[in-house]
Structures are given as C-alpha cells and as structure tokens.
Amino acid sequence: MWKILLLTLCAASPALATTQDEVLRADLLPGWQMENGHHMAGLQLQLAPDWKTYWRSPGDAGIPPLFNWSGSVNVKSVRVHWPSPVVFHTNGMQTIGYHEGVVLPLEVVPLDPSKPVELRAGVDLGVCNQICMPAVVQLSAVLGPGSPDASIKAALKAQPIGAKAAGLRAISCEVQPIADGLRLTAVLDLPKRGAETVVVETSDAKVWVGEAESTRVGRRLTAAVDLVAGSGAPFALDRSGVTVTVLGAGGSVEIAGCPAP
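At position 145 of the sequence shown (counting the first as 1) the number is 152 in this note's numbering, and the numbers step up by one without a gap.
Simulated from the structure, these hints should not be mistaken for lab results. Mixed in with the good hints, there may be bad ones.
[Unchecked claim] Mimicking SDA-like on lysine to any residue, the simulated pairs with C-alpha atoms at most 25 angstroms apart in a straight line are: (1) K199 <-> A256; (2) K199 <-> K83; (3) K213 <-> I262; (4) K122 <-> V93; (5) K83 <-> G129; (6) K213 <-> G129; (7) K122 <-> G153; (8) K164 <-> S154.
This structure is a prediction, so every number in the text was calculated from the model and none was measured.
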C-alpha cells in the first residue's frame, strides 16, 4: 500500500525537484566496543525542517526502512535498537516515525571479536513532508575500541521500557478467524501513560497487521487488530513472536509475547 501512496504523492506534486541531499544527511557513528565483545555503533539520520522518516512499523501509509549489511567484514549480525517514535496524523492517516532526525543504535556482533570489524550499511528508507520520496544511503565505518558516544547513549535510553518496569500485571491475546485472516484482541492490565497508541507486530514479515483499535477502562487496555497473510491463505500465529508496543505521552512500553487468555 505504501508504494501506491508514494507514487501517488510524487506524481501529484511539482516538489519532486527536491533531491535527497537537500533533505537528508546520514552518517555511521563508529561508537565503542562493549564488554561482551559486541560493538555499539549508530546510524544518524538528520532531516531538513518539517521532514520525517519512519519507524520499523510505520503504519499503512508509512515506508518501513530496509537494511543490508551484506558487504560488512567480520560481522555475524546487526541488531537495530529503536528509540520510541512519534505518532503522526495526516489527511486522516496514521503513521509512526521520527521528526527531523533520529539516531538508531546498531549492536554489531563480530564473527571474531579479536579482529577488525568493518560495518557497511545499505539503507532504503522513505522521507516525507508534503511529498514522500525514497532515499538510499550507502555508508561504512571501521569499528574499533572507541569510547561511549553521547548521542548513541541517549538513543538507547529513549527506547521503550519493558513490561515489568511499566507495571504490567497481565497480558493475553484472543485470536479469532475472519474472512481473510485473523483478528487478534490483546487485553493488558497496565497503568495509563497519557494519550496512547497501540501497535501490534508479528515475527512474520509477510503478515500484514492493521491499525489497532484500542479502548481503556481504568488499568484495562484493550486493542484489536486484523492480521492478513500476504498470500491470502490461512496461517498459524506464533504468539511468542507477537510484540505489543504502547506509545504514550508518558513514555512507551514494549511487551514481547502474548499468551492465550
């Protein structure tokens, strides 16, 4: 859906003359080596005033970022740590992302911690203002012992807190079949954290997840979403792979797993 929206917005606006270099600057921060041998680096995205980019689950009208680390040297895996995003409402559509920039901490696991690490990042992302445009960045950095970087540390601190720290007492998910997939209803016993937006994700990237409809009565927060496989065929839901994130003005909460009632 986001591809159709992107093409529609771009075709409708003469502002396409705007170039990527005018609205986006990307840098790879080399960061530092951790006690466990991993490296904590960072992808810094700086956007022009009023421009935004998107979170890992950007909403139907957003453009999810895609990462490619395949050109890296002595890298086993890379984990992206996501700071809490902002919810945008534009023309009746909800999207989720970052306004005017973000630092994404990158936890790099080397194949051999005793050898040099070169991280090469290819990133496809969307940046939007009145129009949306695709952006592609290619970056590389040699990761050494380094020293803690204040911007990366601040981004790590800005991540959603866990269930225990948020005061979650219980969570359960009821799953019912619908015509083209499943409807998941999550019930959380959780203190209110100001204005709330609930986001549900699954571990299967091929499953489309709709926008959550949520209600709250006291500590009881209920959120329902539709899940549809890309193939249109029936599928089994891995409850342990469900992530429920509650984005709130008083801070965000991320909860892994959603057992049956």
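Hints, one by one, checked against the model:
no., hint, verdict
1, K199 <-> A256, "10 angstroms, holds"
2, K199 <-> K83, "39 angstroms, violated"
3, K213 <-> I262, "21 angstroms, holds"
4, K122 <-> V93, "39 angstroms, violated"
5, K83 <-> G129, "16 angstroms, holds"
6, K213 <-> G129, "22 angstroms, holds"
7, K122 <-> G153, "14 angstroms, holds"
8, K164 <-> S154, "17 angstroms, holds"
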